[in-house]
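Given the coordinates of chain A, work out where chain B should sit on it, guided by the hints.
So the protein sequences, as listed, match chains A and B.
Here my numbering runs 108 ahead of the position in the first sequence, where the first position is 1.
Here my numbering runs 1 ahead of the position in the second sequence, where the first position is 1.
It is worth saying that the hints were derived from the structure and are not from the lab.
Fair warning: this is a prediction, and the values are worked out from it, not measured in the lab.
Each statement offered as a hint is correct.
Pairs of lysine-lysine residues, derived as DSS-like cross-links and limited to a Cα-Cα distance of at most 25 Å, are as follows:
1. B:K100 x A:K228
2. B:K162 x A:K228
3. B:K38 x A:K168
4. B:K59 x A:K168
5. B:K237 x B:K83
6. B:K135 x A:K228
7. B:K47 x A:K168
8. B:K106 x B:K241
9. B:K59 x A:K288
10. A:K228 x B:K103
11. A:K228 x B:K47
12. B:K59 x A:K228
Listed next, the stretches of chain A that the computed footprint assigns to chain B, with coverage defined by at least 3 CB atoms under 8 Å from CB atoms of chain B:
13. 193-205
14. 296-309
From the three backbone atoms N, C-alpha and C, an ideal C-beta is built for every residue, glycine too.
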Amino acid sequence: MSTETIEKTNDKVVEVKKPSEPLFSKKRRQLLSNPLDEDNPITIQVLGICSALAVTVALKPTFVMAVAVTAVLVLANVVISALRNTIPNRIRIIVQLVVVASLVAIVDQVLKAYSYDIWKELSVFIGLIITNCIVMGRLEAFALGNKPWDAFLDGLGNSFGYAWIILAIAFFRELFGSGKLFGFQVMPDGYIGNGVMMSPAGACLLLGVLIWIVRSRSGYVED
Amino acid sequence: MSKFNKNDNKYIISYAIIMTLVFGSVLAVVALALKPKQDAEVLLEKQNFILKAALGEKAMSTMSDEEITALYSETVKTVVVKADGVKVETEEASINVFKEYKKPKDVRELPVYKVYDQADSNKIKAYVFPVYGKGLWDFIWGYVAVEADLKTLGGLVLDHKGETPGLGARITEQEVQSRFIGKEIFNANGELDAPHFQKGEGNTYEGAHKVDGLSGATITAKGVNNMLDDYLAMYKSFIKAQK
Numbered sequence: 109m110s111t112e113t114i115e116k117t118n119d120k121v122v123e124v125k126k127p128s129e130p131l132f133s134k135k136r137r138q139l140l141s142n143p144l145d146e147d148n149p150i151t152i153q154v155l156g157i158c159s160a161l162a163v164t165v166a167l168k169p170t171f172v173m174a175v176a177v178t179a180v181l182v183l184a185n186v187v188i189s190a191l192r193n194t195i196p197n198r199i200r201i202i203v204q205l206v207v208v209a210s211l212v213a214i215v216d217q218v219l220k221a222y223s224y225d226i227w228k229e230l231s232v233f234i235g236l237i238i239t240n241c242i243v244m245g246r247l248e249a250f251a252l253g254n255k256p257w258d259a260f261l262d263g264l265g266n267s268f269g270y271a272w273i274i275l276a277i278a279f280f281r282e283l284f285g286s287g288k289l290f291g292f293q294v295m296p297d298g299y300i301g302n303g304v305m306m307s308p309a310g311a312c313l314l315l316g317v318l319i320w321i322v323r324s325r326s327g328y329v330e331d
Numbered sequence: 002m003s004k005f006n007k008n009d010n011k012y013i014i015s016y017a018i019i020m021t022l023v024f025g026s027v028l029a030v031v032a033l034a035l036k037p038k039q040d041a042e043v044l045l046e047k048q049n050f051i052l053k054a055a056l057g058e059k060a061m062s063t064m065s066d067e068e069i070t071a072l073y074s075e076t077v078k079t080v081v082v083k084a085d086g087v088k089v090e091t092e093e094a095s096i097n098v099f100k101e102y103k104k105p106k107d108v109r110e111l112p113v114y115k116v117y118d119q120a121d122s123n124k125i126k127a128y129v130f131p132v133y134g135k136g137l138w139d140f141i142w143g144y145v146a147v148e149a150d151l152k153t154l155g156g157l158v159l160d161h162k163g164e165t166p167g168l169g170a171r172i173t174e175q176e177v178q179s180r181f182i183g184k185e186i187f188n189a190n191g192e193l194d195a196p197h198f199q200k201g202e203g204n205t206y207e208g209a210h211k212v213d214g215l216s217g218a219t220i221t222a223k224g225v226n227n228m229l230d231d232y233l234a235m236y237k238s239f240i241k242a243q244k
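Extracted from the complex, chain A is given alone in its bound form (with noise of 0.2 Å):
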């Protein structure tokens, strides 16, 4: 297998001194730089659309999400990085779907553990983070072929990425669908809120709205 060869490769020349590669090297950092921005993996690659309309209704719940994808994508990569050696390459996918699956069952109980209101609001949608494209692209593509700590760098970059978006989306929604920002009132009184930002059409235009801003900022065309 190639990852082996390269592996092999790498132990030889830790052998004859050659420094190893430095914990935060510039690739590294990018590996964690690129993913909010010219690499976003909603506003390039429109991967998590779902989770990204669905859940902004309003910041807390938001975050609470964006705090879930981080946990299980983080952990997901790593192990999957980890155990990338030894998945017989037929049944990848399967493997990739039980650890994933796993950790966000295990999420989900913690949640309703430490998080009970949070959890009433979030269940269904904790558990359709299993079906979150990020995630299996994130393990498909870098996961599978990287080292545990790349992985965890490339890991906590896309969710980094994932999150800015989804709140802010949810900052507008909350603000302008019911005139509140963490569940505390900031429009004044009498404010009516605008029922289309409640709804996930109006995540769908403000999403939209983003895209188009972050694309014509960094030049991105889609090919």
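Same frame as chain A, now just chain B:
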């Protein structure tokens, strides 16, 4: 790992089995370890809802979890009744209102929570009745508090499993629930006449039985109306017997 042939069927099958066992046990351990904490959260929510129905949202909003539990054990006494108002010996803790909901009405056993005044432990402040029903997508439930005069609705707490956010899910909003406060459950002839959501929203209604409705959530609102009708009918004989 190079000594294994990763495309060998034996390797793949053993890999799958071991993986299943490992992840299965991890999940089982996590679920078992978190179960007591989850049960405590469910119980706390129930106590919070009961007290909120009886004492109002304002009184409860600043309380910590410990204070809620303490106040609950100090001021709430429970009895379990059947639909004919007869008390039965069943323990309140063993009753699951959802399971009772699935039984025929005449064999249901339902808890009644008597909330006493904190200052005067002989004075009943409100009777709190659990209710259960169907909304648009899934179940809805709640707690109805009837004041000590046995006719005024002192408070209502509603919750739901899957109503539409921004429409039916608004039944969990304080402003919507408070529309029921001060309404009456019996009409002038002493017959049951539970307050109902009306069609349309933004209207004010005269009288003690009409409640401003939910625009865009007709079926959920009807579900709440039916739930109140059904359950208050079951508690009716208990309520009459208290007078």
